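*Asks:* Once you have looked at the hints, place chains S, D and F with the ligands on chain X.
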Amino acid sequence: MRTQPDTVARPEAQAQPVIEMRDISITFGAVRALDGVSVRLFPGEVHALMGENGAGKSTLIKALTGVYTIDAGTVLVGGEQHEFHSPAASQAAGISTVYQEVNLVPNLTVAENMLLGREPRRFGSINVREMNRRARRTLLHLGIDIDPRTVLDEHPIAVQQLVAIARAVDVEAKVLILDEPTSSLDADEVEKLFTVMRRLRDEGVAIVFVSHFLDQIYEIADRMTILRNGRLVEERMVADTTQLELVRLMIGRELEVLDRLDREAPHTESGSGTPLLKAVGLGRRNSLEATDLELFEGEVVGIAGLLGSGRTELARLLFGADTADSGELAVRSHRRKLRSPRHAIDRNIAFSSEDRKAEGVVGDLTVADNMLLALQASRGWLRPIPQATRTRLVKDYIEALDIRPADPHALMRHLSGGNQQKVLLARWLITEPEILILDEPTRGIDIGAKAQIQAKVAELAAQGLSVVFISAELEEVLRLSDRLVVMRDRRKIHEQTNDDVSVRDVLEIIAGEAREGETRA
Amino acid sequence: MLRHQLLWPVLALLVLLAVNVIAKPAFLDVRMQDGHLYGNVIDIMRNSAPVMLVALGMTLVIATRGIDLSVGAIAAIAAAVACTRIIGAADEAALSTAVMAMTYAIVVCIVLGAWNGLLVSVLGIQPIIATLILMVAGRGISMAITDGQITTVNNPWFSDLASGFVLTLPLAFLVAVGMVVFTALLTRRTALGMLIEAVGINPEASRLAGVRARTIIWTVYAFSGLCAGLAGLVIAANTNSVNANSLGLWIELDAILAVVIGGTSLMGGRFSLAGTFVGALFIAALARTIPNIGIPSEVNYLFKAVVVIAVCLLQSPKARALLRVRRPGAPTLANGVTA
Amino acid sequence: MSAITVPPSSDRASTWDRVRTYRPPNRYLPIIATAALFVGLFGVGGMRYDGLTDPQVLLSLLIDNAFLIVLGVGMTFVILTGGIDLSVGSVVALSTMIAAKTLELGWSPYASMAAVLATGTLLGLLMGLLIHYFDIQPFIATLAGLFLARGITYLISVESISIKDPTFTELAFRTVYLGDYYVRWTAIIALATVAVAAYVLARTRFGRTVYAIGGNEASAMLMGLRVAATKVGVYVISGFCAALAGLLFSLYILSGNSLHAIGMELDAIAAVVIGGTLLTGGRGYVIGSLLGVLVLGIIKTLISFDGTLSSYWIRIITGVLLLAFVIVQRFATRRRA
Amino acid sequence: ESGSGGDDDGTITMGFAQVGAESGWRTANTKSIQETAEAEGIDLKFTDAQGKQENQIQAIRSYIQQKVDVIAFSPVVETGFDAVLQEAKAAGIPVILTDRAVDVEDTSLYETFLGSDFVLEGEKAGEWLVENAKEADVDGDGTVNVVQLEGTTGAAPAIDRAEGFADKIAADDTIEVTASQTGDFTRDGGKQVMESFLQSDDSIDVVFAHNDDMGLGAIEAIEAAGLEPGKDIQIITIDAVKDGMQALADGKINYIVECNPLLGPQLMDLAKKVLDGEEVPERVVTEESAFTQEQAKEVLPDRQY
Ligand SMILES: Nc1ncnc2c1ncn2[C@@H]1O[C@H](COP(=O)(O)OP(=O)(O)OP(=O)(O)O)[C@@H](O)[C@H]1O
Ligand SMILES: Nc1ncnc2c1ncn2[C@@H]1O[C@H](COP(=O)(O)OP(=O)(O)OP(=O)(O)O)[C@@H](O)[C@H]1O
Ligand SMILES: [Mg+2]
Ligand SMILES: [Mg+2]
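Residue numbers (the working numbering), protein chains in the order written: chain X, 1 to 521; chain S, 1001 to 1339; chain D, 2001 to 2337; chain F, 3001 to 3305.
Keep in mind that the hints were calculated from the coordinates and are not lab data. As the structure is a prediction and not an experimental result, all values here were calculated from the model. Incorrect hints may appear among the rest.
Unchecked claim - Computed beta-carbon distance windows for the label pairs:
| id | chain 1 | residue 1 | chain 2 | residue 2 | range |
| --- | --- | --- | --- | --- | --- |
| 1 | X | R118 | S | R1320 | 34 to 40 Å |
| 2 | D | G2179 | X | T323 | 50 to 56 Å |
| 3 | D | T2280 | S | R1320 | 26 to 32 Å |
| 4 | F | G3251 | S | V1107 | 37 to 43 Å |
| 5 | X | D500 | D | A2202 | 54 to 60 Å |
| 6 | X | G79 | S | A1310 | 44 to 50 Å |
| 7 | X | H343 | S | V1107 | 29 to 35 Å |
| 8 | F | E3223 | D | D2054 | 56 to 62 Å |
| 9 | S | P1317 | X | G78 | 32 to 38 Å |
| 10 | X | V280 | D | P2025 | 33 to 39 Å |
To be verified - Derived SDA-like pairs: lysine to any residue, alpha-carbon spacing no greater than 25 Å straight-line:
| id | chain 1 | residue 1 | chain 2 | residue 2 |
| --- | --- | --- | --- | --- |
| 11 | S | K1318 | X | R413 |
| 12 | F | K3067 | D | K2101 |
| 13 | X | K357 | D | L2279 |
| 14 | X | K395 | X | A30 |
| 15 | D | K2164 | F | E3105 |
| 16 | S | K1024 | F | S3200 |
| 17 | F | K3242 | F | S3200 |
| 18 | F | K3242 | F | Q3295 |
| 19 | X | K357 | S | L1192 |
| 20 | F | K3052 | D | I2262 |
| 21 | F | K3052 | S | L1249 |
| 22 | F | K3089 | D | I2262 |
| 23 | S | K1318 | X | V31 |
| 24 | F | K3052 | D | I2189 |
| 25 | F | K3272 | D | L2309 |
| 26 | X | K357 | X | E80 |
| 27 | F | K3168 | D | S2157 |
| 28 | F | K3242 | S | A1094 |
| 29 | X | K357 | S | P1203 |
| 30 | D | K2101 | F | I3093 |
| 31 | D | K2164 | F | V3104 |
| 32 | F | K3031 | S | I1087 |
| 33 | S | K1318 | X | G363 |
| 34 | F | K3067 | D | R2174 |
| 35 | F | K3067 | D | R2048 |
| 36 | F | K3089 | F | G3010 |
| 37 | F | K3052 | D | L2323 |
| 38 | D | K2164 | D | A2118 |
| 39 | F | K3231 | F | K3297 |
| 40 | F | K3242 | S | P1156 |
For each residue, glycine too, the CB sits at the ideal point set by N, CA and C.
Chain X extracted, bound-state conformation (with noise of 0.2 Å):
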């Protein structure tokens, strides 16, 4: 797959790093982010920054970038030492960030996130047609079709992430820095990523990757440095390291939770006995065509399908976050229109939303009230849950899912993407449903996590819960779910028993519809 010349490569000691940090240190009131960690970067490399959640990889980019002051340690760049005092700076200076969490603005159009700050100008004024059309061709070389003069808040989630990257590889940068892209991308988009940066570590830029998906960083990166903690624990070349030490240097001891992930919990048996949940010709018009959908007790069903093929849209309507159209919805065989998620909540209904920054994360409260808060919502305001129960909430589901900082009364904005993600999963387990909907939940969670979270899935799903399971990562649609539904351009078009279905059968499901298409037409 590797096509550039070793030279380039392997820059090792001939060339000089673009960008080195040395002994880096940030502090946070008294969390400690940063303790004395060193990055060198290479230009011509794909660098992976590694490590669990909250290790201090977002921080060490925002330090880098100048979005945080650095409290102690020296930046060099291009072998002299310079800081950046503001991310304008350090964009000024060629370095290109996509962030962790999709910074764009939602108001504006598609075009003008992309280029905002370089618009193309003529006679000193916009060019907005020479705008939409730079737009356009820069995201077609990422595969993207949308009509750049589109408002970026109309799209999903994954296409808003992809637009954020189409934004940052535009520019002729000398490093590239992308912080957990792929977190809500399927496979396919992965791969058109990673033909772009390819492209451009062969043209001598350096990026900078950070990822959970191991698989991902054996494919792509050349070098990687270690961060547990906030601390460095080591710089490796990824060739030279095998998986499993990587995952030792992450998380400082042996991963039993690795192993217990092959031997998963049993299918169970579904399709006995009267639905917890049926839809019934579901849909709503520009989003989902109607769409049936069978939920029995004690199963997962897992929802398969590309970007935009309506899993989020299907997700909302079960849980009357967004009304439909048409169809009907009986939960336990009451037909109920869910006229909102407070009506659903009242049902067992639980849905964590695929979109932690905008529907889930309450960031100025701490921690225990972003944890509590369906929970309390459900019992009214009235029934303040009692201070010992909250305790004791709040301890047990921080240790169970192994939430850092493990502080209750942190702010819920200081934490760091996947422990938010914890926090909001959490949120749900504490109300005990009967239906769990799970739109991304493990998007930006680290390994070790997502192991823990999809164990306590199929934990919770033997004990009766019934899980709605949806993932952009196939692999875990498949190992998680009882029965699989396939979806595609707003509809759903096939739907199975999981009995060793693999992610090829499900790549030709959705490929075989695409032609059936193409014929059709």
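*Replies:* Okay, now just chains S, D and F with the ligands, sitting in the frame of chain X:
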């Protein structure tokens, strides 16, 4: 964290009092007169009551990311309703007349507040415009009730609401403090406070978590109406009359100022009732400072501007950081943005 | 959207979809609705009251509200970034006072105008710096600005001062005839301000940055935009516009007075919001604000054409008209449910 | 058209642009005008400018567009009406000013001005105090310490009344204004300012309030301080509204200078004369007097407002 923030408003208040003492050394003197306390401090307490009440409701509204411009008009309506009821009653001076009139006025105000809540939460109209409607129309309604005349009432019980004393302290102040304490218990001993904050910080996330955001927003505006109504009654009782045109004029600005001085952000979210309490005292003390240190009328505004800027700078962590020498290793965010 | 593996055939289908379901982009709906409602109000009024349909009424609306249009323009910039500027009313008063006082002192009219514009801009700059560099909330910083500007006005003079300068009076009375009808220069200046502002917002980097900050300030900062300069810039613009509006106001009433323009900031904010701009920032257009001013103006005109309402009914009816307007607008622009 | 006595149908249409409804005085003024118009069969177009000059100018402009027969208005401020008055003149519509004068170069822009003289009111108050200086020195220390409750800063009545008052008391050097602060023409404002004066100064002999309302507020503050208004501290006010007259009769106020709001009959009379082409004086001062406590008791039963 909020407790720590209280430090600055309290400090500002103390500085203001100190300035007064320097100008008039007897400023803080309090003496006993007719069985109650008498002095500038007592006056400040009493005069702070209306702003404190309005600011109390405003704090909760602001916590949900809203704003209520109609409070002044609602106060005027409350006063108009109560006063016309009192003079229309068979026995103008009776206790029952006062109680009935006030109850009636408060109910009207709750309805008006709920109307604001309806526009904001159900129809989804921006708070500033939704409440602007009542701000404009409300004063007209209040004038219609009093027929544009200053209505003077003679009811000792009603008058006591502003001028009465209980346990040597002004009743109005005790009422306001009572409301603050009641609200603090209501929001902090139940889950209401947390839910209000959640709605203010991230409405969509709260909705998806099952919070009845609409009901909360509604209730909060109704509560603000109630508080504004109480404030209106206190103001009317203070002069035993209602002037529909001037009663509570611009009180919304004072109230918002009190809320912000108290450390609650206008962006919604975390709120501090204790801060609002101090903020309201500050506003009242400021009003007293102007005549006390003999600032000529034409310099009033300038003086206020300087004080407001000074207090805000005092509260701004960035401004304080500039004054202090930067310690190495201190937590600093280059741009104050947490992404 | 799902084009990655989707063959071209479905692309055609989605184009067809797009044509079939075409509606004007959501973001223009508020303006379209406001314009339609304005025309509606005008039409209904025209049927009820003689003389209202006279085109001169419309032109008078522009003449009488020229200063408010300019204020609305400045306010739009500020509100688009998610801020607010309460000081503009006071700055208008201050501007009239500076103009009147400097003229009284025998300054040349041009020096006097320059002094007015410089003062407003400077005040805007000061507030912008307070807001951005000291993290003081816009509401409070500009409230301080309100007190400050009004305070300086009182300091200059508590009594009102007439403007008798020939250049000013000449400018004030100069009219442009359009057939039988006329407008004053002040109205043309106001419309020109709208045009310039619309251009700046739509077609310059500064303008796009204004929208970006309103959309998400933290993101704008991470995207490497010039957040600081832009945020301070909008207050400078608002200060400048307030001073310019103050000049237009001095031409309108040819006097300086410390009691002028009390509460005018609320009119400006109301106009901007009625024009469809979101107070949370990021969405809205200056054209909307122009329409918002005209709507407020037509409400006043309708009431004075009626002429039978007592003082309090005028307020109540104004509130009711505002309410009706806002509700209709709200339903007209409701996002695809 | 002017002088023809109205439209074809003979009724006179008058456009009246009122300042606002900021006080009881003002509403009495409005009422008087509306009632007289109705009684005399004049078609009145009324607008309330809510204290804003720009609103008032817009209203006047709309009257011009509606082609009324005569325009009357109480200017919000004295200056800045030149342009719109010229338009009225160009349209041949006569203009009558009420209550407050305007400051225009060309006095032919309006027919006549009907209203009171604020400076004169202040002077009357000052004169009375000078005459009664001995009794007014309540604490008998040889100086008369006066505190002044000003009207809204910058408002013409506040400025003129203060000026007139200061002019007259200059004649007696035992009289001294020791403190002066705005009470915004409201009772609440008057009360709060007076409270503060009482806290910091116990040698106050006289309160001079720019209107009755502030005076009434001061009474409340004085009573709350355990003093007797009218005796321990003397009070002079301006306006003579009903509540003020009552307090005067009750001995809580010592002297009130009248400022008459009932301009309706005089205004309609002037309007008819103007439209009939009769000569009218450039300035018509309303009939106003001043009241002592005894006079108040006499006239109180007959007061209309
Ligand atoms: N603004 C802040 N205030 C306080 N603590 C913070 C702040 N930002 C980050 N932290 C803390 O710093 C640590 C490192 O966070 P960081 O976001 O760098 O982790 P990460 O390695 O990117 O994790 P993830 O994989 O979950 O994204 C975490 O413990 C986090 O809670
Ligand atoms: N509010 C909306 N307006 C217009 N189109 C929408 C809206 N919401 C969703 N869509 C469209 O509906 C389709 C289904 O989107 P959905 O988010 O459900 O897909 P998904 O399979 O969950 O994809 P993803 O992996 O991006 O989350 C997409 O094409 C999306 O663009
Ligand atoms: Mg991270
Ligand atoms: Mg999705």
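*Asks:* Determine for every hint whether it applies to the structure shown.
*Replies:* How the hints compare with the structure:
The hint said 34 to 40 Å for the Cβ distance between R118 of chain X and R1320 of chain S, and at roughly 37 Å that hint holds. Take G2179 of chain D and T323 of chain X: their Cβ atoms lie about 54 Å apart, and the range 50 to 56 Å holds. Checking the proposed 26 to 32 Å range against T2280 of chain D and R1320 of chain S shows it holds: the Cβ atoms sit about 28 Å from each other. Here the CB-CB span from G3251 of chain F to V1107 of chain S is close to 40 Å, well matched to the stated 37 to 43 Å.
For the pair D500 of chain X and A2202 of chain D, the supplied restraint of 54 to 60 Å holds, since their beta-carbon distance comes to about 57 Å. Taken as a hint, the range 44 to 50 Å holds for the pair G79 of chain X and A1310 of chain S, whose Cβ atoms sit roughly 48 Å apart. Taking the beta carbon of each, H343 of chain X and V1107 of chain S are about 32 Å apart, inside 29 to 35 Å as hinted. A beta carbon spacing of about 58 Å between E3223 of chain F and D2054 of chain D agrees with the range 56 to 62 Å that was offered as a hint.
Range check, P1317 of chain S to G78 of chain X: Cβ separation about 35 Å, and the 32 to 38 Å hint holds. Judged by the Cβ atoms, the range 33 to 39 Å given for V280 of chain X and P2025 of chain D holds: they are separated by roughly 34 Å. As the CA atoms of K1318 of chain S and R413 of chain X are separated by approximately 20 Å, the hinted pair is consistent with the 25 Å bound. Of the pairs offered as hints, the one joining K3067 of chain F and K2101 of chain D is violated, with about 36 Å between alpha carbons and a cut-off of 25 Å exceeded.
With a C-alpha separation of about 21 Å, the suggested pair K357 of chain X and L2279 of chain D falls inside the 25 Å cut-off, and the hint holds. Our distance criterion of 25 Å between C-alpha atoms is met by K395 of chain X and A30 of chain X, whose separation comes to about 20 Å. For the hint pairing K2164 of chain D with E3105 of chain F, the CA-to-CA distance comes to about 8 Å; that is within 25 Å, so the pair holds. Of the supplied pair hints, the one linking K1024 of chain S and S3200 of chain F holds, its CA atoms being roughly 7 Å apart against a limit of 25 Å.
For the proposed pair K3242 of chain F and S3200 of chain F, the alpha carbon gap of about 31 Å is over 25 Å, so the pair is violated. Only pairs whose Cα atoms come within 25 Å are accepted, and K3242 of chain F paired with Q3295 of chain F is accepted, the gap being roughly 14 Å. Simply put, K357 of chain X and L1192 of chain S have alpha-carbon atoms about 23 Å apart, close enough for the 25 Å limit, and the pair holds. Annotation: proposed proximity of K3052 of chain F to I2262 of chain D holds, straight-line Cα distance about 8 Å (limit 25 Å).
Between K3052 of chain F and L1249 of chain S the CA atoms are separated by roughly 15 Å; this keeps the pair inside 25 Å, and the hint holds. For the hint linking K3089 of chain F to I2262 of chain D, the alpha-carbon distance of about 29 Å lies beyond 25 Å, and the restraint is violated. About 21 Å separates the Cα atoms of K1318 of chain S and V31 of chain X, which keeps this hinted pair within 25 Å; it holds. Pair hint K3052 of chain F plus I2189 of chain D holds up; C-alpha atoms about 23 Å apart against a cutoff of 25 Å.
Distance restraint check for K3272 of chain F and L2309 of chain D: the Cα-Cα separation of roughly 23 Å lies within the 25 Å cut-off, and the hinted pair is therefore satisfied. Note on K357 of chain X and E80 of chain X: the hinted pairing is violated, with a Cα-Cα distance of about 37 Å set against a maximum of 25 Å. A C-alpha spacing of about 23 Å is found between K3168 of chain F and S2157 of chain D, which places the hinted pair at or below 25 Å, so the restraint holds. Distance hint between K3242 of chain F and A1094 of chain S is fulfilled; the C-alpha atoms sit about 24 Å from each other, no more than 25 Å.
For the hint pairing K357 of chain X with P1203 of chain S, the CA-to-CA distance comes to about 12 Å; that is within 25 Å, so the pair holds. At most 25 Å may separate the alpha-carbon atoms for a hinted pair to count; K2101 of chain D and I3093 of chain F exceed this at roughly 33 Å. Taken as a hint, the K2164 of chain D and V3104 of chain F pair is honoured in the structure, with Cα atoms around 9 Å apart against an allowance of 25 Å. With a CA separation close to 22 Å, the supplied pair K3031 of chain F and I1087 of chain S stays within the 25 Å bound.
A distance of roughly 21 Å separates the Cα atoms of K1318 of chain S and G363 of chain X; the hinted pair therefore holds under the 25 Å criterion. Distance check on the hinted pair: K3067 of chain F and R2174 of chain D sit about 23 Å apart at the alpha-carbon level, within 25 Å; holds. Annotation: proposed proximity of K3067 of chain F to R2048 of chain D holds, straight-line Cα distance about 16 Å (limit 25 Å). At roughly 22 Å between alpha-carbon atoms, K3089 of chain F and G3010 of chain F fall within 25 Å of each other, so this suggested pair holds.
In summary, the hint linking K3052 of chain F to L2323 of chain D is supported, as the alpha carbons are separated by about 22 Å, within the 25 Å threshold. Between the alpha carbons of K2164 of chain D and A2118 of chain D the distance comes to roughly 22 Å, so the proposed pair stays at or under 25 Å and holds. For the proposed pair K3231 of chain F and K3297 of chain F, the alpha carbon gap of about 18 Å is at most 25 Å, so the pair holds. Between K3242 of chain F and P1156 of chain S, the direct Cα distance comes to roughly 21 Å. Compliance with the 25 Å bound is thereby established for this hinted pair.
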